[in-house]
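Enquirer: These are the residues of each chain, in order.
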Amino acid sequence: MRLFKLNTAIHKWLSLVVVLQLLIWLGTGLYFNLMDHSKASGNELRVHSHHEGNVTDFSLIPIKDIASEAPQEVKLIWILHQPYYHFVFDKGQHSYQERHSKLFDAVTGKPFNLSEEQVLTLAKNSYSGEGKLATPVLSQPPFSDHVRQQNPMWQVAVEDENNTTIYLDSITGQVLRHANDDFRLKDLMMKLHFMDYGNSGGFNHWLIIAFAFATLFLSVTGVTWLIQQYQNGLLKLSWGSNRQKVSVTFSNENTIADVSADANSTVLEGLASSHVYLSSSCGGGGTCGKCMFLSSTQLPITLSEQEHLSDEQLKEGYRLGCQHRFSEVSSIEVNTDLNIENHELVVVTTNFITPFIKEVKFKVKSGKQLAFKAGAYMQFNVPAGMNSLRPDDMPEHYEKYWESYSHGKFSHDGVTRHYSLVNFDQETDELTFNIRWQTAKDGYKAGIGSSYLGSLEVGETIIAKGPFSDFYATSGKKVPRIFIGAGSGLAPLRAIIFEQLKKRQDEGDLTLIYGARTEDDLLYRDELNLLSEQHKNFSYIPTLSNPSEQWQGHSGYVQQVLLPHLSQKVKFLSTEFYLCGPQAMMSEVEQIITDVGIPSNQIFKDKFSR
Amino acid sequence: MLRKARKYHKWLMAFVGIQFLFWSITGVYMVTMDIHYIHGETLAKSEEAKIDLASVDYSIAKLAADYSEASQVTLTQSMGDPLYSFINGEQGKVAIDAKTGAVRPPVDEVKAKKIAQYHYAMNHEVDKVRLIKTVTDMPAELSSRHLPVWRVTFDQFATPTFYISQQTGAVVAKRHDFWRLFDWMWRFHIMDYDDGENVSNWFLFLVAILGLVAAIAGAVLTYFRVFSANKKEVI
Numbered sequence: 001m002r003l004f005k006l007n008t009a010i011h012k013w014l015s016l017v018v019v020l021q022l023l024i025w026l027g028t029g030l031y032f033n034l035m036d037h038s039k040a041s042g043n044e045l046r047v048h049s050h051h052e053g054n055v056t057d058f059s060l061i062p063i064k065d066i067a068s069e070a071p072q073e074v075k076l077i078w079i080l081h082q083p084y085y086h087f088v089f090d091k092g093q094h095s096y097q098e099r100h101s102k103l104f105d106a107v108t109g110k111p112f113n114l115s116e117e118q119v120l121t122l123a124k125n126s127y128s129g130e131g132k133l134a135t136p137v138l139s140q141p142p143f144s145d146h147v148r149q150q151n152p153m154w155q156v157a158v159e160d161e162n163n164t165t166i167y168l169d170s171i172t173g174q175v176l177r178h179a180n181d182d183f184r185l186k187d188l189m190m191k192l193h194f195m196d197y198g199n200s201g202g203f204n205h206w207l208i209i210a211f212a213f214a215t216l217f218l219s220v221t222g223v224t225w226l227i228q229q230y231q232n233g234l235l236k237l238s239w240g241s242n243r244q245k246v247s248v249t250f251s252n253e254n255t256i257a258d259v260s261a262d263a264n265s266t267v268l269e270g271l272a273s274s275h276v277y278l279s280s281s282c283g284g285g286g287t288c289g290k291c292m293f294l295s296s297t298q299l300p301i302t303l304s305e306q307e308h309l310s311d312e313q314l315k316e317g318y319r320l321g322c323q324h325r326f327s328e329v330s331s332i333e334v335n336t337d338l339n340i341e342n343h344e345l346v347v348v349t350t351n352f353i354t355p356f357i358k359e360v361k362f363k364v365k366s367g368k369q370l371a372f373k374a375g376a377y378m379q380f381n382v383p384a385g386m387n388s389l390r391p392d393d394m395p396e397h398y399e400k401y402w403e404s405y406s407h408g409k410f411s412h413d414g415v416t417r418h419y420s421l422v423n424f425d426q427e428t429d430e431l432t433f434n435i436r437w438q439t440a441k442d443g444y445k446a447g448i449g450s451s452y453l454g455s456l457e458v459g460e461t462i463i464a465k466g467p468f469s470d471f472y473a474t475s476g477k478k479v480p481r482i483f484i485g486a487g488s489g490l491a492p493l494r495a496i497i498f499e500q501l502k503k504r505q506d507e508g509d510l511t512l513i514y515g516a517r518t519e520d521d522l523l524y525r526d527e528l529n530l531l532s533e534q535h536k537n538f539s540y541i542p543t544l545s546n547p548s549e550q551w552q553g554h555s556g557y558v559q560q561v562l563l564p565h566l567s568q569k570v571k572f573l574s575t576e577f578y579l580c581g582p583q584a585m586m587s588e589v590e591q592i593i594t595d596v597g598i599p600s601n602q603i604f605k606d607k608f609s610r
Numbered sequence: 001m002l003r004k005a006r007k008y009h010k011w012l013m014a015f016v017g018i019q020f021l022f023w024s025i026t027g028v029y030m031v032t033m034d035i036h037y038i039h040g041e042t043l044a045k046s047e048e049a050k051i052d053l054a055s056v057d058y059s060i061a062k063l064a065a066d067y068s069e070a071s072q073v074t075l076t077q078s079m080g081d082p083l084y085s086f087i088n089g090e091q092g093k094v095a096i097d098a099k100t101g102a103v104r105p106p107v108d109e110v111k112a113k114k115i116a117q118y119h120y121a122m123n124h125e126v127d128k129v130r131l132i133k134t135v136t137d138m139p140a141e142l143s144s145r146h147l148p149v150w151r152v153t154f155d156q157f158a159t160p161t162f163y164i165s166q167q168t169g170a171v172v173a174k175r176h177d178f179w180r181l182f183d184w185m186w187r188f189h190i191m192d193y194d195d196g197e198n199v200s201n202w203f204l205f206l207v208a209i210l211g212l213v214a215a216i217a218g219a220v221l222t223y224f225r226v227f228s229a230n231k232k233e234v235i
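In the order they appear, the protein sequences are chains A and B. The opening position of the first sequence corresponds to residue 1 in my numbering, with each subsequent residue numbered one higher. The opening position of the second sequence corresponds to residue 1 in my numbering, with each subsequent residue numbered one higher.
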């Protein structure tokens, strides 16, 4: 049985049936809640006057002497201080039900009928307003101001702003009702609330009974749905917004991007908040079954998914975006287009930090803060144009490294280039990149991207897309991690290390083995040394392939430093390896760690040359 | 729009949805149960008997002479016997025999039982008879203006109950469990869990406002789902 679908379908179709009346019920209910009861009663200008006289002042004729058929009941009543016998021959349980009765003068015993003047006086006595009273009219039911009334009534219209009409009993002249516009409004609300469109005067008719049952089933299916949502963890309350990043693979384009969203929102909502729209025609109710995604981890299967996805799809890891929270997933694949925005970046500072690497800091021109996982990269649009073969703004002390490279310019086509971010997103509002100048080996053409980005001056802008990521730290907090990098491959590693230590308060041991040519080539040397002093769980191990004589640290390539390190320290079971550097170095290192038995799912590589 | 409506509908209903269930359960009860039945009108035979005026020998003039402060004088009957009931000044309600003018003794337990059975439309044994004299002793289902009364319950499903005025012997109220349930339904319907009389309570206001927003969001959802279901993406 496809109970989920059945339940939601019933809910939908019933809602279509009762929607208008349900809104009327709620609206009129609110009116009853808020209305001024004394006004709505119609009795704002009604006063009670006493007509009673003293029984001893009159010589009352015995009731048995009255010439009348036998009554059920006789009441001695007073009209304008005169006594009368009210003979009631039959009546219902309610005063509005049909009643037969007659009035007799209690002194003379003669039948008595109220005159128009007397009725007018009675009506006047009951009314404290300024309005002028019209001549009473003896009217027959039905009455729009008193739908249930089955007996005739005297009707006295009053000329006042509230359109008061005074109704009196046709026999006794008793004031039955003051109806005015306030009263009529309430009456209309009642009629709407009771669905009394056929003027039955009550609420026990088939129309409201049918709607009441429809609404009952609507409520039951709704509550059932809520319970299902609760069971699937989609109704958990959580305070504060806790953002979570998820790596999203766009299978159409084979690109990967990080999407950051409220961890409590559903995958569908979370993606939509970053302008990634899964297809959906129900808006997240679990009823259309369209918002599919592929999860890298095994997720529980909800009722909705059971009924909308095939067993094969479920087995492969397909789920519905509306059925899982953002916090449940870490990396997913979607079959939709990536709407990663282009950002216009403005150069904030540039600075040569090694002989060949320039640190360039950007801000997003629109002022937007980009969210990304440490290790992410951006794709720069390098326009066609003329670039210098070597930098024009190089500091003097690095001049010696550039002596063999000639000056000049070269022209190039437009290209796109990828650069890893050096910082993590909450470290600063800037986007920092290390631009390694690809020098002109053959003398006439330098690296297009590096020479363009490396020549940007403060205030100049460039278009970049992203950030994207497929290289980032796992979420484990106590896992030992070894970072191995060389040259400008430090960039994503630095971002991850800083994020782990500064933002995530990582407790696992972090080791950075970093290879460079000379002391001058060591990127962020002071900063990393300081970090290792501040954090006991972080060790910084630089190694130089071409050190000066003063160098007291390791010399040689990272592979050579790694080997003894592996034999000493590594807890093979859980240590993760993060690699970024020249292809040759990465392959060799991967070989080494695979040989000692590290499974491939603990090795993460950033492709250095994108 | 659709996603927003979905979100608001879901979360608001998570808070007030249960009241919608209560509203519809109580609503169904109230509209399906005939209000005259709820009022216990089927419990009592309707009074068809007429007063034999010839037997009313004690005239109102005599009554006026004997009870000069009498007001609200009514000639009525109890189990076929004519009687006058009236308010005698400070003394309150008095009933006197309309044939003789003798003050009718207050209804005793045996009489109360008899009156109850005389008016009862069905044929069940009386279960309990109890005299209620004070407001503190009185069940909430009765109005205090009827005191003192005999409470006569019948040994039957839904516990039919007649309240019989101790002075006049008139059946002043008829109750049964369907009435009592109706009263609770009403309380749940207007969300006055206090004394069940105040429609203007803030709790109802809050839930009705949230409920109205939730229902409007639901209506938006229905509109999109039913009338634009074939549009591919309406997010």
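Source of the hints: derived by calculation from the structure; they are not laboratory data. The model shown is predicted, which means the values in this text are computed figures rather than measured ones. Ideal placement from N, C-alpha and C gives every residue a C-beta, glycine not left out. Don't take each hint at face value.
Quick list of in silico lysine to aspartate or glutamate cross-link-like pairs, EDC-like style, CA-CA up to 16 Å [unchecked claim]:
id: 1; chain 1: A; residue 1: Lys64; chain 2: B; residue 2: Asp52
id: 2; chain 1: A; residue 1: Lys132; chain 2: A; residue 2: Asp90
id: 3; chain 1: B; residue 1: Lys99; chain 2: A; residue 2: Glu590
id: 4; chain 1: B; residue 1: Lys50; chain 2: A; residue 2: Glu73
id: 5; chain 1: A; residue 1: Lys365; chain 2: A; residue 2: Asp509
id: 6; chain 1: A; residue 1: Lys478; chain 2: A; residue 2: Glu457
id: 7; chain 1: B; residue 1: Lys62; chain 2: A; residue 2: Glu117
id: 8; chain 1: B; residue 1: Lys45; chain 2: A; residue 2: Asp57
Some chain A residues near chain B, calculated using beta-carbon distances under 10 Å [as the list claims (entries may be wrong)]:
id: 9; residue: Ala157
id: 10; residue: Met190
id: 11; residue: Lys191
id: 12; residue: Met195
id: 13; residue: Leu218
id: 14; residue: Gln231
id: 15; residue: Ala272
Enquirer: Are the hints correct? Go through all of them and say.
Expert: Comparing the hints with the structure gives:
no.: 1; hint: A:Lys64 <-> B:Asp52; verdict: 9 Å, holds
no.: 2; hint: A:Lys132 <-> A:Asp90; verdict: 36 Å, violated
no.: 3; hint: B:Lys99 <-> A:Glu590; verdict: 120 Å, violated
no.: 4; hint: B:Lys50 <-> A:Glu73; verdict: 8 Å, holds
no.: 5; hint: A:Lys365 <-> A:Asp509; verdict: 38 Å, violated
no.: 6; hint: A:Lys478 <-> A:Glu457; verdict: 42 Å, violated
no.: 7; hint: B:Lys62 <-> A:Glu117; verdict: 33 Å, violated
no.: 8; hint: B:Lys45 <-> A:Asp57; verdict: 39 Å, violated
no.: 9; hint: Ala157; verdict: 30 Å, violated
no.: 10; hint: Met190; verdict: 12 Å, violated
no.: 11; hint: Lys191; verdict: 14 Å, violated
no.: 12; hint: Met195; verdict: 9 Å, holds
no.: 13; hint: Leu218; verdict: 7 Å, holds
no.: 14; hint: Gln231; verdict: 13 Å, violated
no.: 15; hint: Ala272; verdict: 6 Å, holds
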